[in-house]
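Please construct the entire structure, taking both the sequences and the accompanying hints into account.
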Amino acid sequence: MRLGKIELGKKVRIAILLLLMLLLAASLYNLYRVYREPTVVSKNLPVYSYEQRGQIDYQVQIRPNSIFNETPLGSGQTYYAKLVKSIDAVCSYRFTADAAAEMKADYRIVAVVEAPKMWRKEFILVPETAVQATGKTLVFSRPFTINLESYNQFLKSVNEELGVNAREPRLVIRADIDLEARSAAGRVAEKLAPTMEIPLTSGEFRIVGNLTPQKSAALTRTVQIPDPDAQERRIKACILPVALLLLLVVFSLVTEGRNSAGPDLVQVVWRQHGDRMVRAGDDFSLPEDLITVSLSSLEDLVKVADEAGKPLIYQEGVLPHKFTCYVIDGLTVYSCRVAEFDQCINAAALFNGRTHHSAGAAASRRDQSFGDT
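Heads up: the sequence shown is residues 1 to 373, going by UniProt numbering.
There's no promise every hint is true.
Derived lysine-lysine pairs resembling BS3-like cross-links, with alpha carbons at most 25 Å apart [stated by the list, open to error]:
#1 K322 - K5
#2 K215 - K104
#3 K215 - K43
#4 K322 - K10
#5 K136 - K215
#6 K121 - K85
Hints listed in this document are in silico derivations from the structure and should not be mistaken for laboratory results.
Below, the structure written as structure tokens:
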């Protein structure tokens, strides 16, 4: 059994077709773009990984007093400046890598007395020293002592010399460490600077700063590896245009445009045969005593009108695509209800082809009538 097509308005059908075509074009462009993308990606692989860690550890030596029995005091506590005799510190450093290399570390330890935004003075605690090693690890440790009283005395002399008391003065102990490593993968140059900060002229203080800095890094090599998502993107890009193309073909086959046949046919008929057609009024109705003959096509009704020499009576239907035509001959009325577009077009063609025949037939009947008279 042949299934009928789905009727849609012409404009609606054309709009849907255009939309599907635009989507198909966009999917084809996306397919082109995806296949133009490289199938490999660049990735940085570590070939020499390393880690460095610095630390300044300390103990505070205090003078004999009636409060604290413990001596020295450990790190991370609150200290009283008048009780502090000295600070014993140790700067340590460790560099570790995953491959052997020639390593060299240059370091020095300085003490900086400063009044932020005013002045600063640097003192050498440990002069520049070099440490070398071969392998995967370089380690060194260097003890030093901080005489806090001497820096307070220096601060006092500067205040007297300048005539201005320093605002928020402090003592900064900094270890400057420069590391260089030469491996088969390349050269590494790194810096690290553990620091400790001590407020000056404060009755009590805590030691703060970046006491244990650490850093991890690696030398890398760029390699090309297959893109794991490339194949999946290509498959998805292929599926979409195929699906849209199938949808476009199916939509074209199962749908058809619906035309407004009635009004177009009426205009054609009235333009060609308006001199032999009449339009029925809104209150038009057929008498009940007439014999009604329903014809199957407008073509048959035209033949009856030609033979009887009667006009075609046109009556509009309730629906815009339906109308009825009548021919009344005596007590017989011939009718045809037109509802299909193809039937209407055939009737219109028939009207155009039979124009001269209808006029000739009418003239012959008039001549015959005059002859009989």
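Exercise. Are K136 and K215 close enough, with their CA atoms no more than 25 Å apart?
Worked result: Roughly 16 Å between the alpha carbons, so the hint for K136 and K215 holds.
Subject >> Proposed proximity, K5 with K322 (alpha carbon, max 25 Å) >> reply: OK: K322 and K5 at ~20 Å, within 25 Å.
>> Need the status of pair K322, K10: alpha-carbon distance at most 25 Å?
In response: Within the cut-off at roughly 19 Å; holds.
Notebook entry, point to check: Holds or violated: are the alpha carbons of K215 and K104 at most 25 Å from each other?
Noted result: The given pair, whose Cα atoms are some 17 Å apart, holds under the 25 Å limit.
Task: Restraint status (C-alpha distance of K121 to K85 at most 25 Å) - done: Holds, at roughly 22 Å.
Straight-line alpha-carbon gap K215 to K43, limit 25 Å:
This hinted pair holds, its Cα atoms lying about 22 Å apart.
Violated hints for the displayed structure: none, as all numbered hints are satisfied.
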